[in-house]
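S.K.: Work the whole structure out from these sequences, hints included.
Protein sequence lines correspond, in order, to chains A, B, C and D.
Residue numbering for the first sequence is 16 to 394, as defined by the working numbering.
Residue numbering for the second sequence is 16 to 394, as defined by the working numbering.
Residue numbering for the third sequence is 16 to 394, as defined by the working numbering.
Residue numbering for the fourth sequence is 16 to 394, as defined by the working numbering.
Treat each hint with caution, since some may be false.
Repeated chains share a single entry, so a pair holds when one copy, or any two copies, can fit it.
Said to hold, decoys possible - The calculated BS3-like cross-link candidates involving lysine-lysine, where the alpha carbons are at most 25 Å apart (straight line), are:
1) Lys368 <-> Lys236
2) Lys332 <-> Lys368
3) Lys248 <-> Lys54
4) Lys70 <-> Lys18
5) Lys393 <-> Lys87
6) Lys332 <-> Lys65
7) Lys19 <-> Lys54
8) Lys393 <-> Lys368
Calculated directly from the structure, the hints in this document are not laboratory data.
Here's the letter readout for the chains.
There are 4 protein chains.
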Amino acid sequence: MTKKLNIGMIGYGFMGRAHSNAYSQVNHFFDLDYQPVLKAACARNEAEVKAFAGKWGYESVETDWRALVARKDIDAIDICTPNDLHKDIALAAAEAGKIILCEKPLARDGNEGEVMVQAVEKAGVPNMVWYNYRRVPAVTLAKQLIDEGRLGRIFHYRSVFLQDWTISADLPQGGHNLWRLDAGAAGSGVTGDLLAHCFDTALWLNGPMEDVTAMTETFIKERMHNLTGKMEKVGIDDACAVMTRFANGSLGTFESTRYARGHKSKYTFEINGEKASIAWDLHDLHRLSYFDHGDDSVVRGWHSVHATDHDMPYMGKWWVPGLQIGYEHSFIHQVADFLDGLAQDKVTSPTFKDALATQYVCDAVLASAQSQAWQTIKT
Amino acid sequence: MTKKLNIGMIGYGFMGRAHSNAYSQVNHFFDLDYQPVLKAACARNEAEVKAFAGKWGYESVETDWRALVARKDIDAIDICTPNDLHKDIALAAAEAGKIILCEKPLARDGNEGEVMVQAVEKAGVPNMVWYNYRRVPAVTLAKQLIDEGRLGRIFHYRSVFLQDWTISADLPQGGHNLWRLDAGAAGSGVTGDLLAHCFDTALWLNGPMEDVTAMTETFIKERMHNLTGKMEKVGIDDACAVMTRFANGSLGTFESTRYARGHKSKYTFEINGEKASIAWDLHDLHRLSYFDHGDDSVVRGWHSVHATDHDMPYMGKWWVPGLQIGYEHSFIHQVADFLDGLAQDKVTSPTFKDALATQYVCDAVLASAQSQAWQTIKT
Amino acid sequence: MTKKLNIGMIGYGFMGRAHSNAYSQVNHFFDLDYQPVLKAACARNEAEVKAFAGKWGYESVETDWRALVARKDIDAIDICTPNDLHKDIALAAAEAGKIILCEKPLARDGNEGEVMVQAVEKAGVPNMVWYNYRRVPAVTLAKQLIDEGRLGRIFHYRSVFLQDWTISADLPQGGHNLWRLDAGAAGSGVTGDLLAHCFDTALWLNGPMEDVTAMTETFIKERMHNLTGKMEKVGIDDACAVMTRFANGSLGTFESTRYARGHKSKYTFEINGEKASIAWDLHDLHRLSYFDHGDDSVVRGWHSVHATDHDMPYMGKWWVPGLQIGYEHSFIHQVADFLDGLAQDKVTSPTFKDALATQYVCDAVLASAQSQAWQTIKT
Amino acid sequence: MTKKLNIGMIGYGFMGRAHSNAYSQVNHFFDLDYQPVLKAACARNEAEVKAFAGKWGYESVETDWRALVARKDIDAIDICTPNDLHKDIALAAAEAGKIILCEKPLARDGNEGEVMVQAVEKAGVPNMVWYNYRRVPAVTLAKQLIDEGRLGRIFHYRSVFLQDWTISADLPQGGHNLWRLDAGAAGSGVTGDLLAHCFDTALWLNGPMEDVTAMTETFIKERMHNLTGKMEKVGIDDACAVMTRFANGSLGTFESTRYARGHKSKYTFEINGEKASIAWDLHDLHRLSYFDHGDDSVVRGWHSVHATDHDMPYMGKWWVPGLQIGYEHSFIHQVADFLDGLAQDKVTSPTFKDALATQYVCDAVLASAQSQAWQTIKT
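M.R.: Structure follows, in structure tokens:
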């Protein structure tokens, strides 16, 4: 018999939609003991949250997240707010004994994150952070190939996350859709928003980093602020480049920017091992590039693996070979794994603690950019 | 106030899932007057159809399609059976005054198709055939670019649909998942299954064809038949190549096969016009290739358009630029357009009549392969 | 000790340059017993041929090809004239006992070609036709992979040669650079100029074809003729599409046009076998695409082989892995093989006789386009 | 009347061949006042240099470079030796009043380079360094597009040069073909060999860099030394990553390694500007990728420019549109430009002084890797 998991969603923006979709879809495609129920959606703007709830079929709405957290009929709190609210909500939800699913990054910095980890560990509640890209099938496949030892000793990890949506100086900062440009709400710019994804994947695929050196830049120094109505100094990093050494001896380079004309959401990574290399690009997320030095030399070359066959991770649940899935499916896979973990009483990664490691890397990156010196990463 | 449209689904296979998903998802992303309700699912195997209904939330099941058609609480019949049942169901549904949504191809041949068109026209019921690829955003964009006159006079249309899943001689024919290899159930092989897609798109983008010459081949002559348990002659075409002249003076080439090692579902088309060319590939369905002779010569080259920006067809309803959608979304778009058509009392293409034109092309192709002579296409 | 091979070159156009370059370069990169000597260049226009000879270091010039053929100090005649002169020159050269290297196509049609084959065979002179693409390393590699049996039974061969340089109706026909548009000089349009390359490669890689059906089109019906100064009917085929059955049971499709906007010289072929497939594109001639069904399923995908390693055909003679060679190198390789054949008294393909087979295919294609019926190919 | 330029070549390795080829070919394709004459080749190993001279048609040989420099019949000295000899030869050649063409990098470090610059400037002799990639047509096109202002303000420059040929621990260091692994002969590893190319291009396209931070790694710590026959510590950098700030305010990232499995000679750069972006890859050197934000939004995407049309830099001298040239042509173009500069009494870049700027960047990179701190670049 399917067990119900009552979801209380906080936030109704881009991520509110992506998560709601995942809850709606997961049981259509995966055989699971649990079924999420869209119990309540919460946001300060009552009209907006009612429209959102209607669209997705949430049974009720709240306008105060504390009221939501207090409800007995809610099993799990999903935090889709701007970053500055993550900590307070998580602490209250943990105290209330709720399962917590928190949008990434975990927090604005490691200090906040530590408190959050302590809270969920003390409360003993299942917790997860939505670093969804781990569950793009081609990325999960990359993990599998590495775990099988196909790459051998790793020499290099390189990753970028490039966008171009903030190049115009006329774009304001702050408020509903633009809180990511407001340092107060977001904590940082591309480092916490985009590089955090790169770091999460890297830590998962290639293990811990030891130290970093970084540079950041804010190309547009002032922008109109939607909340104050005035031109205000821009506090976030528009761009950030990082060099690092991994504990396994490999070298890492990372770069992110919102000023790379021609790239909308170009998150790529490439890993070079002694025996094989792999590369992936979010702009063609259904493909994995793979080079195997063990191939016969006359046919040796990068394989473009169209990761849609039924033996690819998660793909047996979808359509037929050759037919792509898209971005939102990574969230569905994450929910499927999380529900499966609940049923089997197993931890599903990335947990708050996993996400704290990413936060520590971000902290070291921003500190290095400030100090212009190498920084050891906290562990 | 949203109006309900009660769906009666016949069939629970691959297409049953794709259509059910479309009905479930459409109102999450599109603002529509109508909302589909999954009222009943129908199939002969009661256990299977109950499992299917449970998974997708159908309110009831039927094991006799005639009983489903007879139900008063059903507004629309969705035909997802093997091709040999399309006609009988459609005729009954039309007579019962139901809206009909029929999986492609419309029928096994033009004769069946003509009767079906007459039936829906006589009954005056809205009708549509699921040639879903028209609503892949990049394909819809292609139509838009052509309609804007960007290509100028068209010289060439070339299209292939390549698969490789039937190469093994050990694969049987017939029965649940393999009726597409059984000429009795399918009508034809790649011509009706795959080339029909190519022709539908071509007729839509480039107008009518006048005549064709074709060759077909059946590489594996006998296969075990799942229904008889015996080796039986294979009656379908494994591969088919076609040359044609369009009414607009352009030349067309088409090819389909299930013996193209390395291609899972490689449906491509390319159109060469006097001023510009476009090309598309289902294996990277989120991209459109575009070449514009009007570009400055030093930067002239094929554009790889990542069709995910919000001004791309349908994409404003989904995520943010750079993030792909996948195969199943084409069905969601088709339902969205159909529901919008219902609300506005407008016809949504492709109708049964549109699909009959594709059927006539298929008939001429198969006749030409038989006669080894050019065949005029019925209109 | 290196032996000299005295070359008499007839023609100084595009192919005159490509061949002269090959003679100049071959001994810089290949260790050979023979060394070509640029003894004489011949063309009717004395000023032009002198300039050409000066540029390439030809020791002398002639303005009458019969005078060149008559010279005792010439070992080999290289025919780089428009097609309408191939036969007469070849017959005279054979009679004079010269080695003959003839630019493709061998002749304007099979009748001319047969006479030429008879002449060289009767005279017993070494002869070769410049179907240079066989010696692009990636293409030679394709041949090697097929000969090793890596593809298994072949199901499909598809090939196109697309250009876009004659789309403008203002382009005249005839004369120095435009004789390819003049049916009298060229014999045919894209069929003899471009499809001949496709057929030569196909016959080499996939064996003989049995019959063909074809359609041709001349999109611009009249063009100013440079020789008459008047608007004249265009006699060549602007575009041609072909379907064929190979003797090995595989199906072939071919298409060529000079009206495919966006393609300059896009010659591609793809071969689908039971076990593996290969594909090649002249626009990236240094790469071969290869798909091997025998690869582990999780890393199976098209290999993009950068055919520059030293174990690739011919590549050990050039630079280091990763560094491309280009178009002209195919001619250098052909001369290298030809000189090596001379030294070892072995025939180097394609000979006149090999090229006659291609001519027969072209003849059948043009006849089919005329008759609108399948045509058996002469053997 | 063509003037002769008598070349004295020192070295006969990979670069000796590439330069000799350029001298041999340049007048076949370019109309120039000067014609190089292969007057003498010089190397210590007499048998080898004789074989080399025979192959390329050098009129004489020398075994002592000082003897070559002393010859009156030599106009220009071409230095193709390992890096440790560049300085001494250049000083002697300058003193002898010879034109000097020096293979890159100019020297093992900036100190050597400064002396060399002083010497050629004092002597007033034309001088050039073979940073050949500037003259790959697609790269020259990139320069042209930037100079036309098409990119607008530059935000980012990123470049890598990846190889994989030294991964095996069994590969020795030192001696004829492996001096690049010997710190004494080479000065540095990938920094001087590969990043120097990246820096030269970057300085040319994007202007001066102000400071850098870098990390280097030597993955294989000891290798057999061909000259001593013993296992010796490896002194070169196997890999190097760099971050920099350009004077124009843009951020730069650079990385090079010989441990990137799957990449033979993958030199890429990408430049992101406010209005447009460009990208290039040596593995497909005939293409330039270009993204123009000014394109109509519905057809906006990366252009893949097949840089073979006649209006592309240098391409009017070669074949027809669509037909590639290769690696060696960049050297031919450099000689063509140099000879043209001589004829017009104009300086041809990159001069020794231009190359010294690259040397300063390399010095700062290596110093930063040592100090683990940002380093200002000498100017």
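S.K.: Compare the structure with each hint and give your call.
M.R.: Structure-based check of all given hints:
no.	hint	in the structure
1	Lys368 <-> Lys236	neither (34 Å within a copy, 37 Å between copies)
2	Lys332 <-> Lys368	neither (30 Å within a copy, 35 Å between copies)
3	Lys248 <-> Lys54	neither (41 Å within a copy, 56 Å between copies)
4	Lys70 <-> Lys18	both (24 Å within a copy, 14 Å between copies)
5	Lys393 <-> Lys87	neither (38 Å within a copy, 67 Å between copies)
6	Lys332 <-> Lys65	between (33 Å within a copy, 19 Å between copies)
7	Lys19 <-> Lys54	both (10 Å within a copy, 23 Å between copies)
8	Lys393 <-> Lys368	within (13 Å within a copy, 45 Å between copies)
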